[in-house]
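Line order of the protein sequences matches chains A and B.
Using this note's numbering, the letters of the first sequence map in sequence onto residues 1 to 163.
Using this note's numbering, the letters of the second sequence map in sequence onto residues 164 to 655.
It is worth saying that the hints were derived from the structure and are not from the lab.
Cβ atoms here follow ideal geometry from the backbone N, Cα and C, with glycine treated the same way.
Be careful, since some hints might not be right.
[Unchecked claim] Here are some of the chain B residues that sit facing chain A, going by a computed Cβ distance under 8 Å:
(1) Arg528
(2) Ile529
(3) Asn533
(4) Ser548
(5) Ala560
(6) Arg636
So you can see what is in the structure, the chains are spelled out below.
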Amino acid sequence: MFAFMLATRLSGGAMWIRENWETSQINPAGFADFTNPSRLIRCITQNQTETLAVAEEALRSGAVSLVIMQLSQPVGLTEGRRLQLAARDGDATGLAIIPEGMGSNAVETRWRCTPVFDPQTGAEDSTLQRWELIKNKSGTLDVWHVRWDKASRRFFVVPPPRK
Amino acid sequence: MFDGIKRRVVSLWFPRLASERVLRQRPIDGPFALTFKQNNANRIYCLNQAAAQQGLHPGMPYADARAFCPNLQSRTAEPEQDFRFLRALCRWATRYCPWVGTEGADGLVMDVAGSTHLFGGEPPMLADMRMHLMRAGLSVQIGCADTRGAAWALAHYDEGIAPSGDMLAALKYLPVAGLRIDEDMSIALQRLGLRSIGDLANAARAPLTRRFGPGLLLRLDQALGAQPEQISPDADPPHYAVRITLPEPIGLLADVMAGTERLLSKLCAKLKAQEMGARKLCLTLRRVDQDQQLVELRLARPLRDPKRILSLFERGLSEIDAGFGIDQLRLEATQVDAVPIQQISHVSDGREDRLDDLISRLGTRIGLENIHRFLPADSHIPERSFIIAPAAYSEPAAGWSSLNPRPLILFPPEPISASGSRPPARFRWRRMPLTTGRATGPERIAPEWWLGDENWRSGLRDYWRVETREGRRLWLFYTPQNPGWFVQGEFA
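Just chain A, same shape as in the assembly:
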């Protein structure tokens, strides 16, 4: 969700990299509301090393403005730093989807996104999310509650639901 909202904000194309054993896949009919599926390219790799290599290449080229990689193992400092340098060269954003607690120290920011049940709104626009910024090299940490608006194709920051 966070990835697709990010893709909405960035104008260029996006690339989604995942490993071949993964059975779940992104559904273009589902994210068509967020970003145009024709702008997205999907790469399937053999292992995490390949994923990182492909991500580095894609970030450095500048042909896509967002690179999303699905990782399953922790990323070392060297790899993280290399990705960062590549992203700076190519003026692109890299986003790694990682399992809980496997973040690298090299990253610029780390977010935790969880969907939140929202009893107030109707069923149609129940897209409430809790975005936590849990690591930020150049600022403070914070928590937002956001909601996606389908009609205007934007997300809004909303107050947290009352308990």
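Fit chain B to the known structure of chain A by using the hints.
Relative to the frame of chain A, chain B by itself:
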């Protein structure tokens, strides 16, 4: 008075071309035949001398041939390969004269006027041809005459050289089938009593045209020289390969890149002249110790811009082992696509090119077939509402629309334990206990009966969008015909 050079035409007929091509590669003693499948029956396509002596003939059923000749060895015919072999012979024949064309599937025709003296006249030239072809293991029949038709007739029915001038004298006693007419026509002519070309030439022309159409007399006139006939040497298809041989071996990456650049500029000029673009390139580096290193490059779109291709070669070249040095580079475009010349306009930007280059570069690492693009498809079935196409061979398409919300992530259906047609109030999914907060639905999707999909054997599905109190929004479905609950996707 000088009346120009008389045309002289040589016609070569290889009666056993297909079988001899195979036998050249693997000699076999004894009867041998090539078979091909026609109307569900194997028939003999071409055979060697030993098989012909046993009484076999082309076109006879293979089963009969086996009965006549139990020790017959056979192989399937490959007409495509035969044609390529004939093209090779065509190239070889240009050593006698520059004007060589193919004649049917098993013959060559060459206009040797003006080049016979180089071989010491016609008989030595034909003897030279015969010797070379015999050494290559090919049986040949050669005819030489003033016209193409007459040379053909001589090659097929009476080998030899017709003296220049009167063609009728040379062809007089040959059967009418020597006029390149079909079998029905030649049988019909024989029934009329016109057995030889001499008979036909003496017959009245008007009734013949009425009876057989203008084709017969055209062939006769062509053979006798009253009607002109061209020999068209077909040009070889363009060959997209260039090579460079170096006096001293090189080993540095920069040097190899410079060599490749030189090859590329030559190759791309060739591609541009033909309005083609390379899809697949293969660079062969021959080392001093006769070892070869291959660098293959597959491009995301046909290209003929040397600068762009060169930068894509960088990765492949950096991985090769130069050993004691490389002394020959050969670059071949193994697959080409048409790239028509286009008007450059101010609206196009470099964005697309950069993406294509990126796909090519990634393709060398993970394979072009692993880079995909989503294309919309017209189906209600969620798994088939999109097509995954290789990005290198497809264009992005628009037209994404969905009436009902669809999950962001799809996975193969995962069963949960629940019963009843309403979503369960509590369930466990992936070891998480979940409580239903709100359920929206059902949306009934029927299987596409015209496609037998294993996964949809359980029949209709009622899809529910379930928001759990824990936060996750799941896409559940219930199969009323085979009661059961499954989770198939997750919403944002």
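Checklist entry - When the hints from earlier in the document are held up against this structure, which numbers fail? => result none
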